[in-house]
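Student: Letter by letter, the chains look like this.
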Amino acid sequence: MSVLNPSPTGLQPILKPQAHHAPGNFITKYIFSTDHKVIAIQFLFTTLLMMIVGGALALAVRWQLAFPWESMPIVGPWLFAAEGGQISPEFYTMLFTMHATVMIFLVIIPILAGTFGNFLIPLMIGADDMAFPKLNMLSYWFMWPAIACFGMSFAYAGGPAAGWTSYPILADLPQAAPGSGTAQTYWLLGVTFIGFSSMMGSINYMTTIINMRAPGMTFFRMPMTIWGLFITAILQAFALPVLTAGGFMQVTDRLLGTCFFYPSGLVINNAAPTVGGGQALLWQHLFWFYSHPAVYIMLLPVMGMVSDMLSCMCRKPLFGYKPMVISMSAIASLGFIVWGHHMYTSGMNPAVGMAFMVATMMIALPSAVKTFNWTATIWGGKVQFNTVTLNCIGFLSMFIVGGLSGIFMAAVPVDVYFHDTYFIVAHFHYVLFGATLFGVFAAIQFWFPKMFGRMMNEKLGKTHFVLTFIGANGTFFPMHFLGMQGMPRRYADPYLHGYLEHLLPMNQFMTISAIVMGAAQILLFINIFYSMFWGPKAGRNPWHATTLEWTAPSPPPHGNFDVLPIVFHGPNEYAVHNGDHDFLMQTEKECQPPKPAEADENNDTDNDQEQSS
Amino acid sequence: MGKGWCLFFLFWPIAAVVSCAMAPWIGWSFPYDNAQAASNLGIRIDGLFYLILIVTAIVFVGTQAAIVYALWRGANNREERADCVHGNHKLELVWSIIPGVILLFLAIYQMNIWADFRIKKFYPEVAVKAPIAEVTARQFEWRFRYPAIGKKLQQKPQPDDLHSVNELHVPFGKPVMIQLRSDDVQHSFFLPALRIKQDALPGLQIPVWFEANKPGTYDLVCAELCGWGHYKMKAHVIVQPEEEYQEYLKTLTEQQFYDGLGKIAATENGSESEATEK
Ligand code: HEM
Ligand SMILES: [Cu+2]
Ligand SMILES: [Cu+2]
Chain D
1 MSVLNPSPTG
11 LQPILKPQAH
21 HAPGNFITKY
31 IFSTDHKVIA
41 IQFLFTTLLM
51 MIVGGALALA
61 VRWQLAFPWE
71 SMPIVGPWLF
81 AAEGGQISPE
91 FYTMLFTMHA
101 TVMIFLVIIP
111 ILAGTFGNFL
121 IPLMIGADDM
131 AFPKLNMLSY
141 WFMWPAIACF
151 GMSFAYAGGP
161 AAGWTSYPIL
171 ADLPQAAPGS
181 GTAQTYWLLG
191 VTFIGFSSMM
201 GSINYMTTII
211 NMRAPGMTFF
221 RMPMTIWGLF
231 ITAILQAFAL
241 PVLTAGGFMQ
251 VTDRLLGTCF
261 FYPSGLVINN
271 AAPTVGGGQA
281 LLWQHLFWFY
291 SHPAVYIMLL
301 PVMGMVSDML
311 SCMCRKPLFG
321 YKPMVISMSA
331 IASLGFIVWG
341 HHMYTSGMNP
351 AVGMAFMVAT
361 MMIALPSAVK
371 TFNWTATIWG
381 GKVQFNTVTL
391 NCIGFLSMFI
401 VGGLSGIFMA
411 AVPVDVYFHD
421 TYFIVAHFHY
431 VLFGATLFGV
441 FAAIQFWFPK
451 MFGRMMNEKL
461 GKTHFVLTFI
471 GANGTFFPMH
481 FLGMQGMPRR
491 YADPYLHGYL
501 EHLLPMNQFM
511 TISAIVMGAA
521 QILLFINIFY
531 SMFWGPKAGR
541 NPWHATTLEW
551 TAPSPPPHGN
561 FDVLPIVFHG
571 PNEYAVHNGD
581 HDFLMQTEKE
591 CQPPKPAEAD
601 ENNDTDNDQE
611 QSS
Chain P
1 MGKGWCLFFL
11 FWPIAAVVSC
21 AMAPWIGWSF
31 PYDNAQAASN
41 LGIRIDGLFY
51 LILIVTAIVF
61 VGTQAAIVYA
71 LWRGANNREE
81 RADCVHGNHK
91 LELVWSIIPG
101 VILLFLAIYQ
111 MNIWADFRIK
121 KFYPEVAVKA
131 PIAEVTARQF
141 EWRFRYPAIG
151 KKLQQKPQPD
161 DLHSVNELHV
171 PFGKPVMIQL
181 RSDDVQHSFF
191 LPALRIKQDA
201 LPGLQIPVWF
211 EANKPGTYDL
221 VCAELCGWGH
231 YKMKAHVIVQ
241 PEEEYQEYLK
251 TLTEQQFYDG
261 LGKIAATENG
271 SESEATEK
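For the record, the sequence lines run as chains D and P.
Each residue of the first sequence is one higher than the one before, counting from 1 in the numbering used here.
Each residue of the second sequence is one higher than the one before, counting from 1 in the numbering used here.
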């Protein structure tokens, strides 16, 4: 595309992608594509596929908790013929490990950064592609070795058996979990590969956002979505190397006996005493130094997207744009100094725990500010009750619970009781399922027309939302009560303990809710595949939104914009008098005087741009 | 249409609040009788929990109600356009400072409890002077090592030490301290009734103190994933009056050192004369 427009930073012409040619054949167009939109869609389908896998694993976990040691219907006899269809405790361990691994590393992180990051960054900042298209392609293709490694690791009997947190010594020494020898190493390699993938993505996103913004797109005119993705990319880039290093250390511990993480003199499983000199706590520090920021990596993009979507659906400017940006940055920077809240009971110096406690308490503040701002955005709006809005409200409603339960756990003395109980499980499902996934559902519905040029079905979307929302609350809310009663997480059979015996009915209720929730996802898939081919055609701007991607055709061609956008305003100019509409696109210079209904707004926009460029 | 959705979003917070309010009455709250912690420290921790619960409940109800109300208004909005407001500086300040102050208060308020609980300087002196036992977690059981009657717990195992598995007896009426360690992987010493949890870390010895406020038998479970048998590290802590506790130690001594001749097998220190068979 044209290189004539100077970028706001002056750097753009140098860093423009090497004007790669529109791809010719099928393979370069759809498989090894360097087009950010195709890569985004590849990420979308891969992560949705992985969501089915992760969901199936979750249902198996829930089955065991509701009907311990009973044969799973249909798949049980086939999978575990040797155990008479029962899930063995070893396999239960593998199930929850892989569930978390798949959901975190193969669904949530890649669907946010990979799908929406890839799709939206160039479109929303008015670039024609990413800064490094080849790197972008690689970042997708590095997911597959990761998937292969995780798959191989799961295929070994004894499998990855140390939870997604992979704490040594259990994860560090093969003899600690019989059968986990090669499996755990593969698991670590999988994490490493997915780390490479994220890293390539995040470098690309940072570069693109810093250097390739359209003329006029200053930082404080960027949509919140871009802010979310930008800050996420920064978090990734700074936190991820620590995990990668830690992962390598664990691999060398396993393969070369480097003993970073195990002390000497441990007798594990009747093996010879270890010769070491390491410290298991080191891993926890390294791991959480990445993984606490990672939980925000799994949320900030959604916070951004929801801000834009809510504002559009309420036809009202986002309340407090700058405070939203500032609170997001505060979350990100505080996020680096709170990792110790996962380690209150770990045996680290308790005085340090106090410092982490104060930081953690304070991180709840920006989250609260954001919640208030979203509510204020709805306040006085003209709310369109469509699937996008409903999912956004679902996000908001459930994020509040997750944020508030965070305060209990931030309080050290209370967390001593709650740590590693189901209360934690409730907390992170409220933020990760409740907030992130509902945000993702909304985002899929919202940007689907831009991705595929067709609208998604509203009836299916709403039904999907209602069932998922009820199912999610039915599954995750009672987890708070399980936690209060002291039910530890990762127990194959909690009812073995006297004080937990009576929890079976509650667990059965939750499992039934989970099945409803799982089944509801079928509607999502039907909706996506049906609408891709038969949904009503969407114009350029079906939602009457203001940001740049809506000036491009749907779906945007190779190179994205037919008219290079120039930006004049902040991202959420709704509720204005602009001709006959109530919104002002970022590319429109100023509001038109009211005029009788005329040609459609896209042409207006295009003309406008042509005049001004 | 819109109003129906408002009711939908109203329904679940109500269900949540109702179920939380019901929880203590139907046994969904803390375990054991009346959801009361079995230690004074535990009661303080619960107090902190309830304080946070009140604060969060108010915020929860307030925000959910505000959202539903805003939606309700949004659904009925007959105006042609929404209100054009971009923000409000004062409001931002108000809703940053108020929660900030509350959070800071909670942070400072809880420091005492944490200090009494885990900072060594504040450990009760009686407990520190005579650690009662060494607790060793291993796949998948708990092992306890008491010093011989009348002796002090030594760092290294002694020949006259007393051992038991999955059953820890402690005397009632005074704070007790254990030395927590692990033989193999990580475990976590979790006593739900006393609100105690501490990870057992290979290579470290971690002192943990607690004091039950009523005698009884309490579940001891493992709270840190330690392998396939994690769920079955079932043990009990039995808090009993001092005499019964001494009695227990005696039986333990007899079981371990009875040489079949009516004598307790000799140990280097010649403690045999103290405990003869009755
Ligand atoms: C309001 C802000 C938040 C606070 C104060 C908070 C606090 C905490 C604390 C203290 C823990 C450790 C609990 C324990 O293991 O004992 C925790 C765990 C966790 N949090 Fe949060 N959190 C907040 C928001 C979030 C968000 C937004 C996410 C994700 C999107 C998140 C995801 C998680 C996850 C995944 C874990 C559990 C990790 C594991 O042990 O497997 N949290 N949180
Ligand atoms: Cu965290
Ligand atoms: Cu365990």
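Hints in this document: simulated from the structure, not taken from any laboratory.
Just to be clear, a hint being listed does not mean it is correct.
Claimed, not checked - Lysine-lysine pairs mimicking DSBU-like chemistry, simulated, CA-CA at most 30 Å apart:
no., chain 1, residue 1, chain 2, residue 2
1, P, K129, P, K3
2, D, K459, P, K232
3, D, K462, D, K537
4, P, K232, D, K322
5, P, K156, P, K232
6, P, K90, P, K151
7, P, K174, D, K462
8, P, K174, P, K129
9, P, K174, P, K90
Student: Hint by hint, where does the structure go against what was stated? Just the numbers, ascending.
Tutor: The structure breaks hints 1, 2, 4, 6, 7 and 9; every other hint is satisfied.
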